[in-house]
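Given the coordinates of chain G, assemble chain R onto it according to the supplied hints.
Protein chains: 2
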Amino acid sequence: MEEVKLHGNCFSPFSCRVTWALKLKGIPFENIEEDLSNKSPLLLQYNPVNKQIPVLVHVGKPICESMIILEYIEETWPQNPLLPTDPFERVVARFWIKFAEEMGPTMWMMFRTSGEEQEKFKKESLEMLKTIEEMALGVGDHEKKFFGGDQISLVDLAFGAHAHWLLEVIEKVVGVKLLEDHKFPRLHAWIQNFKQVPVINQNLPDSDQMVLTFKRNRERLLASS
Amino acid sequence: MEEVKLHGNCFSPFSCRVTWALKLKGIPFENIEEDLSNKSPLLLQYNPVNKQIPVLVHVGKPICESMIILEYIEETWPQNPLLPTDPFERVVARFWIKFAEEMGPTMWMMFRTSGEEQEKFKKESLEMLKTIEEMALGVGDHEKKFFGGDQISLVDLAFGAHAHWLLEVIEKVVGVKLLEDHKFPRLHAWIQNFKQVPVINQNLPDSDQMVLTFKRNRERLLASS
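Going down the list, the protein sequences come from chains G and R. Per UniProt numbering: the first sequence = residues 1 to 225. Per UniProt numbering: the second sequence = residues 1 to 225.
Chain G extracted, bound-state conformation (with noise of 0.2 Å):
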């Protein structure tokens, strides 16, 4: 019996991650909720360098990062990959995982500001946007359901910690409507398609608790700058 835990947070996009690879791949686990103002002694035993969640705990080895997690999980139960097996295909979805990686702080720095420092994050956001709606889902007439073709991958998992979040968060909590439809219509596509598939659909959570949850934190973040 393989003994599989994850110590994470049902409002984080990184630990919403790890569930969805686990569950596309059909792994049981034990979900283990951490209170991020009063983590568990265990989490900073599993974690001692970044204190974070996720963890996953496989046979009493723990794992951390999110996208190292997806990159075990994907390596140890083949079952239903989520990788592509050309190598030079697989190439392609890691440097699109980078991409994602790096777009996260960034778009999250508006969620963190406001008027003029948080125009420049717009634009920059925005750019980068661009760069996945003309480069990575698809290129000239060529459109694609998912960013690695027809079936999910690492690469949707990756966005997808940003697409639910990060768009829905920026525009309820910040008031900026990034994705207007008519200028990424592949991005557009592709965010309902991947909150289609019902995994992904059944492990999101709640909308409105967490623009509320989202809300208090931002309250709090410009209030103490």
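Hints in this document: simulated from the structure, not taken from any laboratory. Ideal Cβ placement from N, Cα and C applies to all residues, glycine included. The reader is advised that the hints may include incorrect statements.
With the C-beta cut set under 8 Å, the calculated list includes, among others, these residues of chain R facing chain G [as the list claims (entries may be wrong)]: (1) K61; (2) E65; (3) Y72; (4) P87; (5) R94.
Some chain G residues well away from chain R (every beta-carbon gap over 12 Å; in silico) [claimed, not checked]: (6) N80; (7) T113; (8) S114.
Chain R alone, transformed into the frame defined by chain G:
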């Protein structure tokens, strides 16, 4: 006949990572030196998103981003392995590679700043170096020759790109000595071990020329800011 070409620049740490990996594997390749102020049309065609070196071209297909190239090299040419085969040890290697990737930009900021702002980045960098000293290069009495143990691995290549450039550039160009030997005995020993590996030793840019180049870059940067 497999055709392997590397679009790089001999002063770039990211480019050297790829040269080291190819030479450690014994893969013959053609080196195409790029002028970074006048990049070749081929490079821009191969890496339209970031327009950066290094780009590895294998049987006509381009691979971008130094650490993604290194993972590709490891998957494509399994001889002289540069990642452990044990899945959990792979996770640990990838964790420190990610750490190296995140440490780089913080340390480079010391090069781009001065005064109080520089002091902030120095403090952050020292925290990161302390984490490596205490948690990546051995715990308690245990000391390791390389990050993974007795053999050089992708983790060493990831950190090596910072060791030669950053520490030397920051000491000689910026005038900040980060690695006081008595505080960082393991890191100090690791740098010596790393530079003694023949492939590394024979493929490092000339130190004086490097310092001169970066000195000029820093003067330009500070003058324009």
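To see whether the hints hold, each was checked on the structure:
no., hint, in the structure
1, K61, "holds (5 Å)"
2, E65, "holds (6 Å)"
3, Y72, "holds (5 Å)"
4, P87, "holds (6 Å)"
5, R94, "holds (5 Å)"
6, N80, "holds (18 Å)"
7, T113, "holds (18 Å)"
8, S114, "holds (22 Å)"
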